[in-house]
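Chemist: Chains as they are written, first to last, in our numbering: chain V, 3 to 353; chain H, 3 to 353; chain W, 3 to 353; chain D, 3 to 353.
Do not rely on the hints blindly, as some may be mistaken.
Note that identical chains are pooled: a pair holds if it fits in a single copy or bridges any two copies.
Within a straight-line C-alpha distance of at most 20 Å, the following computed EDC-like cross-link-like pairs (lysine to aspartate or glutamate) qualify [to be verified]:
1. Lys225 x Glu274
2. Lys163 x Glu130
3. Lys225 x Glu169
4. Lys225 x Asp124
5. Lys260 x Glu17
6. Lys226 x Glu167
7. Lys307 x Glu344
8. Lys263 x Glu333
9. Lys226 x Glu133
10. Lys273 x Glu222
11. Lys48 x Glu306
12. Lys307 x Glu334
13. Lys226 x Glu274
14. Lys21 x Glu309
15. Lys160 x Glu254
16. Lys48 x Glu333
17. Lys307 x Asp255
18. Lys160 x Asp317
19. Lys225 x Glu133
20. Lys225 x Asp56
21. Lys226 x Glu169
22. Lys160 x Glu309
23. Lys332 x Glu222
24. Lys225 x Glu277
25. Lys332 x Glu28
26. Lys302 x Asp129
Hints were generated in silico from the structure; no laboratory data involved.
The primary structure of each chain is shown beneath.
Protein chains: 4
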Amino acid sequence: MIWFNSDYSEGAHPEVLRKLTETNMEQTPGYGEDVYCMQAAGLIQKACGRNDVDIQFLVGGTQTNTTVIAAALRPFQGVITAASGHINNHESGAIEATGHKVIALPGTDGKLTAAQIADYVDWQANDESVEHIVQPKMVYISHPTELGTLYSKEELTKISKVCREREVWLYLDGARLGYGLASRENDLTLPDLAQLCDVFYIGGTKVGALFGEAVVIVAEELKKDFRYNMKQRGGRLAKGRLLGVQFAALFEDDLYFKISKHAAGLAEQIKEAFERMGLHRFIDSPTNQQFVVLPDSICKKLREKFEYEYWQRMDETHSAVRFCTSWATKEEHVQALIEELERLLAEEERN
Amino acid sequence: MIWFNSDYSEGAHPEVLRKLTETNMEQTPGYGEDVYCMQAAGLIQKACGRNDVDIQFLVGGTQTNTTVIAAALRPFQGVITAASGHINNHESGAIEATGHKVIALPGTDGKLTAAQIADYVDWQANDESVEHIVQPKMVYISHPTELGTLYSKEELTKISKVCREREVWLYLDGARLGYGLASRENDLTLPDLAQLCDVFYIGGTKVGALFGEAVVIVAEELKKDFRYNMKQRGGRLAKGRLLGVQFAALFEDDLYFKISKHAAGLAEQIKEAFERMGLHRFIDSPTNQQFVVLPDSICKKLREKFEYEYWQRMDETHSAVRFCTSWATKEEHVQALIEELERLLAEEERN
Amino acid sequence: MIWFNSDYSEGAHPEVLRKLTETNMEQTPGYGEDVYCMQAAGLIQKACGRNDVDIQFLVGGTQTNTTVIAAALRPFQGVITAASGHINNHESGAIEATGHKVIALPGTDGKLTAAQIADYVDWQANDESVEHIVQPKMVYISHPTELGTLYSKEELTKISKVCREREVWLYLDGARLGYGLASRENDLTLPDLAQLCDVFYIGGTKVGALFGEAVVIVAEELKKDFRYNMKQRGGRLAKGRLLGVQFAALFEDDLYFKISKHAAGLAEQIKEAFERMGLHRFIDSPTNQQFVVLPDSICKKLREKFEYEYWQRMDETHSAVRFCTSWATKEEHVQALIEELERLLAEEERN
Amino acid sequence: MIWFNSDYSEGAHPEVLRKLTETNMEQTPGYGEDVYCMQAAGLIQKACGRNDVDIQFLVGGTQTNTTVIAAALRPFQGVITAASGHINNHESGAIEATGHKVIALPGTDGKLTAAQIADYVDWQANDESVEHIVQPKMVYISHPTELGTLYSKEELTKISKVCREREVWLYLDGARLGYGLASRENDLTLPDLAQLCDVFYIGGTKVGALFGEAVVIVAEELKKDFRYNMKQRGGRLAKGRLLGVQFAALFEDDLYFKISKHAAGLAEQIKEAFERMGLHRFIDSPTNQQFVVLPDSICKKLREKFEYEYWQRMDETHSAVRFCTSWATKEEHVQALIEELERLLAEEERN
């Protein structure tokens, strides 16, 4: 069985594991107060082009979203997201568990627009019952989105402007940031994010690490006492240096970007193959998640050899499914997938 | 100025106030452990046709919704509501502040359907990532709804069935319950609610009391330790007997139903007048809230003498507005409103 | 049966009720946006000697404590209280339900000292694991305390200084504030509180109102968006003017202070009688709550005619009990209580 | 510099790391649904002598305590702990952040007694204001405690009995469980815990793993929907198999117990050396944490070569400090520590 269902099927990139092994018996202080965390923070600051941003390391995505959002909001404030946003659907109500409403705005491609945000914030601010309506104080976006789509620099700039004019925090979830930045269609950089966002995170779990996310805090007000929030939400790893070691490995010699490029290239191969085969795409994703509509009959046969993510039913005989590539995906597996799909489609046609 | 903007513009029905005055200097135990609360509970049980339901008194609607919902759910569980539901829009995130997601389903008339509920609950239960999605464990509906519409007995029976089959609590917000039950189009009774719901409340604030809501707890499991929740949510009134006294007054000699009928009758007069004048209705409400679309020019002039609730913009020159009647509305005020509207419309036509 | 068990056994002072009745059928806007709330706020500002404090009205004490504390703190911050504080013992975990630790410091007379506060705050701030320990950011005191004791102006001034030096909010719970200010031993005034505290409340429920507490917000930072918090915690009364009407009645012609003096005078009579009879006092309270140690045999017989609050067991044959006076207590009832106690003690002695 | 300040200074036991490396490039499903988690769960069930207990893996201690406690309690319920308990002091209010009061009972050795628990639970249940007081519904203990002390089988059996009679959950925090079980003074076994507790966890972070805690759920009612809670509290690791792999390594061939014994043996050497040197012990700990009182002058000099944990000031010239051993502690380091201390004490004496 070959797995394309997610981008977290394997362990860590060998270089990351090597460094973990190499440092294993060293003694360091706990809770992220060690030299490796410092080193990793420095490398990330450099990659962001600013040394005035705070870098904090957390273990996983839900934990990071929860900690960042709960740290930023007062009790009656909420966070705006696209309805398809991860915090709205796949975190078991983690944000609400900290007391905050997730305000879901509709959309078709997983993205929010600056206009949508402006309209909503202005509507609430001007309503007669303003104090009876949750105050939108943060905008949550992800890059790439849940659907693999990307914000352009122009779009993100507009969103940032709209947020700053209204004193609303802009938070970008970068669980798959590497795969976004590595896309041919992407025109955003880490320094752009460090200018346009108030806080964002660079995902490690899906991009080469065993686990770990690096939070980049840009806004001064959000830096204060952030570690209290980390501890309270269960996010300060006792052996914090494990996160530092991993991110140091990822940000030395641009490993993070190189392995992301690998995944992006293979995703493009899959995308082009789907197009060549005349398959209907569910959404046009330029990143490591490829969504395609397949006949259920093909789906079933494909699953004898390949694991994919079932996405949703399209009609009585077709489903949308997702294939992910990652830093760990092997080119020969991609070839095998394409060949098998071609074979099955040809077989289908013959019948 | 005559006020039609809400159903809580005045104090209490004179009979309620009389009873408060009459008992004012009596000494009773606090926190609802007095004879008046017992008496009122008995009267409400009788009106519900069951003496095995628990009756608890709270001060206001948001407090009641918060207390009931937080008492019923485990942390990862959420409450389904129509997107227009009060808990979703007008309680400043009170439900989320207790840690629970408000799951908003779309709709046009303020109501949920049994099919919608079944589909959502079944979808979550069968999703591969079931534990990553908030578990829907309660359905919140209101009768009448925020838009003044009503559930038929058939509709509520279906919803109740769908909920019980799936072990989902059914909670009915009766902030305006009197005005719903008094509508000519209503075919539900208090005993019906006490059969079909797991918990509901009978609104006093909008129907004759100074303040106060009577929670009727039907499901055995929801009765246990409910008073702890009341206290924790700030809902146990020190002078609890004030609630008992008021509800005893309202449920003696059917006062609650009589004064609700008064409001319903006047709302019908308004509705018929709107139809006669050829005004476009925003929604077809058979209860004490009447929504109508008016030219902005009329709105403006009307407000010189009458207060109404601005609802929403319809197009560049028209708005939807709401007029409420209540137990306190005077027939001559309704007449004055109708005449003024007729006058303004005629004037408009002349120009 | 004559009740001395609490200070909320009756309804409202007749003058308050008169004003509620008089205004009953007036139409006003809801949620505290009416002229009566404005009028009451003005009167309270005047009594506080500052017109730059915000006045907000809430229904009850637990709701007020919850709303004020949750509004002021970030998630990892806690509130310091004397271990005997109301928020630590008798609010069913309402503060914790908003996510905050109640940090209880020991004491014998219901009071905190400036030194205790300074020591605790400094200890936390200087601990190596500072971010693993809840950050104390508010001090909660009550005046009078749960045990009827009072802070002197000197003590409160020191506490205020310690708090301001450390950027810790000082919040004073005034559920029985009238009875504190009216005590012969009190040397604090409302203007003092409005100088020394960051926020406090003037209790109405126990001092003449049907219900209601008036929050006085002094610190600029705590004023912002306070009404959102009120709504979210279920504390914005739909017919908000009921609170305005009552507090206007209480603060016109110093009614609040006059009726408090009445209670204070009767409490002194009880206190002196206890001393005359040679009874052991449980705590030396100069306010409307009098605590005394009685033989269980006397307790039992006394309860045939008088209700008191059982406080705690002292030894195998003695208990501490509490007697409260209030604005509503009748002098002849106090006389009857004293005579009955004298009679029972004499009877006891004979046996 | 040699570190004795904590038991989480190094990475993982080499055998654990070996297994992580060996399985690194395997593809498995995420979120703990893999064969390694199944295997580890089976091994732990076997070690507990019951296959009807549920095993769930989480990343760290605060996360585990938060998830277990929040999953078990209704909103108005609290958890009893010794005042020195970790949840009361060193988790930044993580438990309160889920809405629950931490009820701290006093004690001197980090332990609770059955009598203390019974008294508190019975007091609350019988108080007149029972619903105004947080309901104690869980008891939290740790083994070893924060102070390194142990419960005897007799003590734990009594606590368990008291809890079951009162329907109070018993939860044991086993962050250092291995070091407790390996102590010469311990008479408890994993099967004992699986009989006497309702839920407990076996700590991996401090006992050989990179990170990870294994929760053993005994009580049927606590098993239901536990994974929702894990996800909501940020505790479901995407690459969940990392936890399975590590615990499988630890519970194959009793590695967990062997490496714990190593730490216990070295701790005894330290303890005996302290006694030999005539040092005053701060507390009599039979486990891997050794607390001793040292002159500040010695402390200062010692720190030139050895890191320890400062515990608290004893008097003007003495402090209590803590030395930890772990699976990773080297015997020669212990010898070096002892020799250095002897040298410093001798030097001190000469002066």
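Chemist: Run every hint past the structure and note whether it holds.
Modeler: Hints versus structure:
1. Lys225 x Glu274: For Lys225 and Glu274, neither the intra-copy (43 Å) nor the inter-copy (47 Å) Cα distance is at most 20 Å.
2. Lys163 x Glu130: neither (26 Å within a copy, 39 Å between copies)
3. Lys225 x Glu169: Cα proximity of Lys225 and Glu169: in one copy and across copies (16 Å, 18 Å).
4. Lys225 x Asp124: neither (27 Å within a copy, 22 Å between copies)
5. Lys260 x Glu17: within (12 Å within a copy, 31 Å between copies)
6. Lys226 x Glu167: between (22 Å within a copy, 19 Å between copies)
7. Lys307 x Glu344: within (14 Å within a copy, 67 Å between copies)
8. Lys263 x Glu333: within (13 Å within a copy, 47 Å between copies)
9. Lys226 x Glu133: The answer is between: 12 Å across copies meets 20 Å, while 27 Å in one copy does not.
10. Lys273 x Glu222: Classified as neither: same-chain Cα gap 41 Å, cross-chain 48 Å, threshold 20 Å.
11. Lys48 x Glu306: neither (46 Å within a copy, 34 Å between copies)
12. Lys307 x Glu334: Result: close within a single copy only, 14 Å intra versus 54 Å inter.
13. Lys226 x Glu274: For Lys226 and Glu274, the Cα distance exceeds 20 Å both inside one copy (47 Å) and across copies (45 Å).
14. Lys21 x Glu309: So Lys21 and Glu309 fail the 20 Å test inside a copy (31 Å) and across (25 Å) alike.
15. Lys160 x Glu254: neither (32 Å within a copy, 55 Å between copies)
16. Lys48 x Glu333: Neither way: Lys48 and Glu333 sit 32 Å apart in one copy and 42 Å across, limit 20 Å.
17. Lys307 x Asp255: Answer is neither; intra-copy 36 Å and inter-copy 35 Å both fail.
18. Lys160 x Asp317: neither (37 Å within a copy, 28 Å between copies)
19. Lys225 x Glu133: between (28 Å within a copy, 14 Å between copies)
20. Lys225 x Asp56: Cα proximity of Lys225 and Asp56: one copy only (7 Å, versus 30 Å across).
21. Lys226 x Glu169: The answer is both: 18 Å in one copy and 15 Å across copies each meet 20 Å.
22. Lys160 x Glu309: neither (39 Å within a copy, 40 Å between copies)
23. Lys332 x Glu222: neither (42 Å within a copy, 44 Å between copies)
24. Lys225 x Glu277: neither (46 Å within a copy, 47 Å between copies)
25. Lys332 x Glu28: between (33 Å within a copy, 12 Å between copies)
26. Lys302 x Asp129: between (52 Å within a copy, 18 Å between copies)
The structure fails hints 1, 2, 4, 10, 11, 13, 14, 15, 16, 17, 18, 22, 23 and 24 (numbered hints given earlier, in ascending order).
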